[in-house]
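The whole structure should be built from the sequences, with the hints applied where relevant.
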Amino acid sequence: MFFPTGSGTLHRRTHLAVHATLSSVSDRGVSVKADSLTPAMRQYARFKREQPDAILLFRMGDFYEMFFEDAKTASRVLGITLTARTKGVPMAGFPHHAAAGYIRKLIRANYRVAVCEQVQDPKEAKGVVDRDVVQIVTPGTVTDEELLESKQANYLVSISVEGEHAGIAWVDLSTGQFFVHETFPTELAEMLSVLTPSEIGPHEALPYHQSRRVRL
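Quick note on numbering: the numbering used here labels position 27 of the sequence shown as 28, and the sequence is numbered without any gaps.
Treat the hints with caution; some may be incorrect.
Said to hold, decoys possible - Computed cross-link-like contacts, SDA-like style, restricted to lysine to any residue with a CA-CA straight-line distance of at most 25 Å:
hint: 1; residue 1: Lys-152; residue 2: Val-181
hint: 2; residue 1: Lys-152; residue 2: Ala-110
hint: 3; residue 1: Lys-106; residue 2: Gln-119
hint: 4; residue 1: Lys-73; residue 2: Thr-39
hint: 5; residue 1: Lys-73; residue 2: His-97
hint: 6; residue 1: Lys-152; residue 2: Arg-109
hint: 7; residue 1: Lys-127; residue 2: Thr-87
hint: 8; residue 1: Lys-88; residue 2: Val-129
hint: 9; residue 1: Lys-124; residue 2: Phe-48
hint: 10; residue 1: Lys-152; residue 2: Leu-83
hint: 11; residue 1: Lys-106; residue 2: Gly-80
hint: 12; residue 1: Lys-73; residue 2: Leu-83
hint: 13; residue 1: Lys-88; residue 2: Pro-53
hint: 14; residue 1: Lys-106; residue 2: Asp-145
Claimed, not checked - Listed next, with one range per pair, are the computed distances between beta-carbon atoms:
hint: 15; residue 1: Ile-81; residue 2: Glu-118; range: 17 to 27 Å
hint: 16; residue 1: Ala-126; residue 2: Gly-80; range: 27 to 37 Å
hint: 17; residue 1: Phe-180; residue 2: Lys-152; range: 17 to 27 Å
Derived from the structure by calculation, the hints contain no laboratory data. Every residue, glycine too, gets a C-beta built ideally from N, C-alpha and C.
Have a look at this one:
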């Protein structure tokens with residue numbers, strides 16, 4: 002599960018429901034029969050089922066495409082046009098060479114992003130080209146300089162609480178800096194306000210509103 006912290010509200014949705022049998026693909030009440038989908042869209046549905054809480058960027062030629070609820074979210078957050086691939090299948094996309102800027106906007110809006118690339122030369126494909134999820138990006142796991150704030154640490158935090166004692170660890174994966182500290186559960190909120198982490202694992206010791214907040 003993905004629980005960033007900071008000053009906004011976590012956007013966590015299941016963007017696409019895919020039946021285990023792939024008998025149908027649903028998008029908030031709009032059902033599309035799997036046998037009416039193209040091989041590429043059935044492949045998309047499989048990857049989306051594996052990454053239900055992420056915006057899935059599905060590489061198609063020179064573009065990353067998003068479908069169903071992901072497309073609606075991307076259109077709203079990124080300001081890109083919402084179209085339709087077929088009746089009942091919303092679609093939005095952007096050129097692959099501009100991906101860094103769009104991914105940065107998505108993670109700053111507190112979304113988890115899964116990048117699904119073509120891993121086979123289309124000229125060699127017999128049928129649908131092979132694809133795979135090659136990267137999952139969350140606010141606290143960013144290492145690409147194009148996606149980072151240049152003057153701000155990007156901390157991923159983990160917390161452990163045992164009785165009256167608490168341990169907190171934080172790492173900036175982009176620099177390799179790693180720290181641990183022992184404190185009291187009552188001091189955790191203050192430490193987090195100082196660290197301003199980009200992402201934190203959930204823990205019952207944190208108040209509900211604190212464990213679900215994220216820096217924009």
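- Item | Pair hint outcome, Lys-88 versus Pro-53 [Cα-Cα no greater than 25 Å] | holds, 22 Å
- prompt: Taking 25 Å as the top limit, are the C-alpha atoms of Lys-88 and Val-129 close enough?
  reply: holds, 21 Å
(message) Between the alpha carbons of Lys-127 and Thr-87, is the straight-line distance 25 Å or under?
(response) Holds, because 24 Å separates the two Cα atoms, which is no more than 25 Å.
Check: Should the hint that Ile-81 and Glu-118 are 17 to 27 Å apart at their CB atoms be regarded as holding?
Finding: holds, 20 Å
With the threshold set at 25 Å, check whether the alpha-carbon distance from Lys-106 to Asp-145 stays at or below it.
OK: Lys-106 and Asp-145 at ~14 Å, within 25 Å.
Hint consistency between Lys-73 and Thr-39 [alpha-carbon to alpha-carbon, up to 25 Å]: Given pair Lys-73, Thr-39 holds - Cα atoms ~21 Å apart, limit 25 Å.
Quiz item: Is Lys-152 close enough to Val-181, meaning Cα to Cα at most 25 Å?
Solution: Holds, because 22 Å separates the two Cα atoms, which is no more than 25 Å.
- Supplied distance hint 17 to 27 Å, evaluated on CB atoms of Phe-180 and Lys-152: holds, 19 Å
- Task: Take a quick look at whether Lys-73 and His-97 sit within 25 Å of each other, Cα to Cα.
- Result: Between Lys-73 and His-97 the Cα gap is close to 19 Å, so the pair holds against 25 Å.
Assess, step by step, whether the Cα of Lys-106 is no farther than 25 Å from the Cα of Gly-80, and give holds or violated. holds, 10 Å
Take a quick look at whether Lys-152 and Arg-109 sit within 25 Å of each other, Cα to Cα. It holds: about 15 Å lies between the C-alpha atoms, which stays within 25 Å.
When you check the alpha-carbon spacing of Lys-124 and Phe-48, does it fall within 25 Å?
holds, 22 Å
Of the numbered hints given earlier, the model fails hint 10 alone.
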